[in-house]
Amino acid sequence: MAQVTADATTEAPAAAHRARPILAVNDLKKYFPIRGGLMNRQVAQVQAVDGVSFEVREGETLGIVGESGCGKSTTARLLMRLIEPDAGDVLLDGERVGPGGMALTAMRRQMQMVFQDSYASLNPRLTIEDTIAFGPQVHGVSRNEARGRARSLLGKVGLDPNLFIRRYPHELSGGQRQRINIARALALEPKVVILDEAVSALDKSVEAQVLNLLTDLKRDLSLTYIFISHDLHVVHYISDRVLVMYLGQVVEIGPVAEIYERPSHPYTRSLLSAMPSMDPSRRAKKPPLTGDPPNPVNPPSGCRFHTRCPHAADVCKTKVPILQRNGNNDHLAACHMLNSGSGHPDAPTRRMA
Amino acid sequence: MNISTPAAPETIDVAQVAVQSRGYWATVLQRLRRDRVTLFFGGIVLLVILISVFADVIAPHDPYKASMIKRLKPVGTEGHWLGTDETGRDMLSRLLYGGRLSLFMGIMPVLYALAIGGTLGIIAGFVGGRVNMVIMRTMDVFYAFPSVLLAIAISGALGAGIGNAVLSLTLVFIPPLARVAESVTTQVRNLDYVEAARASGASAGKIIRVHVLSNVLGAIFIYATSLISVSIILASGLSFLGLGVRPPEPEWGLMLNTLRQAIYVNPLLAALPGVMIFITSLSFNLVSDGLRSAMDIRV
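Residue numbers (our numbering), protein chains in the order written: chain A, 1 to 353; chain B, 1001 to 1299.
Just so you know, the hints here were simulated from the structure itself, not pulled from any lab data. Even glycine gets a Cβ: it sits at the ideal position worked out from N, Cα and C. Keep in mind that the hints are not guaranteed to be accurate.
With a Cα cut of at most 20 Å, we get these calculated EDC-like pairs of lysine to aspartate or glutamate [said to hold, decoys possible]:
no.	chain 1	residue 1	chain 2	residue 2
1	A	LYS191	A	GLU171
2	B	LYS1206	A	GLU129
3	B	LYS1206	A	GLU145
4	B	LYS1206	A	GLU197
5	A	LYS317	A	ASP330
6	A	LYS317	A	ASP279
7	A	LYS191	A	GLU55
Simulated DEER-style distance windows between Cβ atoms [said to hold, decoys possible]:
no.	chain 1	residue 1	chain 2	residue 2	range
8	B	LYS1206	A	GLY343	54 to 62 Å
9	B	GLY1274	A	ARG143	53 to 61 Å
10	A	HIS170	B	ASP1035	16 to 24 Å
Turn these sequences into a full structure, and let the hints steer you where they fit.
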């Protein structure tokens, strides 16, 4: 890749430091039923998120990438419990979220989310002050204190409280609105912030400003980010580790430098080669991936990527690959080519060191 | 990579929006002020309400006092500017007093239906799923009947009388209001700010109060205003058929009924209550139309 430099490799051990997981996700599943026919029977289901497991370490930024419809946003909404998972556990700070464990309100005090559409995520009838102060008031903070918090948060996200506190969302620009959304998410003083395509709708210069703001806030407030994006450049810039999703499953996860420099899953490789290059001589000659992802209603058997994979072999159609270590302890990928015993012709004859 | 370039100074960003900040309702009011048609008909609505409320002060005669010698005097008669009806009662006084009952029967059913239908619709829209299905399919059963027929059927079954007429009209207006409330609530419910409110841990009640109602009530309220004109006409219709107000109470629909024999003798006189119904319902309709366009702010 054009932007991978020598110092990226030296950074890798630092990014992979063993912090304790603040969020652990185990085998999360969400199937959306498709109803139809007589009596509204369930005729099929969309396997939006199918057995996703990962952990987020305290103080890191985990980037989640993948094509549209791969389940990135569904994962975010499942983490926030905006939709109920069909199976799987989410452990926040070591405690299981849900009945018998951590209450949803307690979870939501520690984990917040910023949405992509900066306009739709602000109530047009509320002033900026009321929007930011709403969350704390829900959790029993007095009106005055919540408003004070709103003012100080506006300062933190780089907007003058005196100018903005009485304004309405339609009077602000997209970048300003997204700053308000960030302030609203921070109003509950969370530990984890999920940024679901939070900068994707902004134009490039504003995007850069908001990214820098996010970096500053993370440092000042010791936050942990889950950064969902389809923009590989942005993810490369902001993430410590990257998780690659394909059709509702994790195909690869690892430190950002490892993923961008030595991607081990064919899907990650094709994603990365789809990145527009800044260097005209390195311009891609042929499309790295053709066609759309298969329909998640009826995902391919075995490895879900085998229909588009240039290395697909017979084993890929029948056997589901599992996430396994690849070289570096922190770098996991789900591909038969990495497993010596898988039966894939390109698999190594003995286990990689 | 352009991302790593340092952020532009934020002060520029802030300076761009040094405009006067106005709330939503302030903007609506300002837009209304520029809309002359709505202002004019709003004035008429206000006038009709005022003359009805102060009918006992303005009316020159007792609306119930009949006189066998002064029957069906034409418009412009000395002492009875708008003539007299078939039993010699002063038309002007009866029209003024008639506004009370007509407005009451136009507005009350809509208010009741707004409270019941609006609540049902917002619940159905916000909760969704089975609750939505049960509520909305029940509403559809009522919808299957034409509203006039339904009002007449219910009123007829319950018997004549103001209370029964109001009740039957309320039942007629609950389904359309519930349907409008349900559709706007469903739209709002799926917006990200409601999701964000849920993500902040707020209860459903609090989300409805703070985030849903403020964005939904305007649209429901406007629709309700447009129903007032329908309600006035339906109430008059019920009275005309003898199902609403009973004689000798002055009510425009009933007056239209009792004067219908006079249409060959004194057509102008017989048309007067109809003119009042027409003007009032037209004004309510145009005001609701104006409100709708004033509130339709796209930014």
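Here's how the hints hold up against the structure:
1. A:LYS191 with A:GLU171: With Cα atoms ~30 Å apart, LYS191 (chain A) and GLU171 (chain A) exceed 20 Å; violated.
2. B:LYS1206 with A:GLU129: 17 Å, holds
3. B:LYS1206 with A:GLU145: 19 Å, holds
4. B:LYS1206 with A:GLU197: 27 Å, violated
5. A:LYS317 with A:ASP330: 27 Å, violated
6. A:LYS317 with A:ASP279: Cα-Cα ~37 Å, so violated.
7. A:LYS191 with A:GLU55: Holds. LYS191 (chain A) to GLU55 (chain A) sits at ~15 Å (cutoff 20 Å).
8. B:LYS1206 with A:GLY343: 54 to 62 Å: Between LYS1206 (chain B) and GLY343 (chain A), where Cβ atoms are some 57 Å apart, the hint holds.
9. B:GLY1274 with A:ARG143: 53 to 61 Å: Given about 54 Å between the Cβ atoms, the range holds.
10. A:HIS170 with B:ASP1035: 16 to 24 Å: Given a distance of about 21 Å, which is inside 16 to 24 Å, the answer is holds.
Figure legend: structure checked against the earlier numbered hints; hints not met, in rising order: 1, 4, 5, 6.
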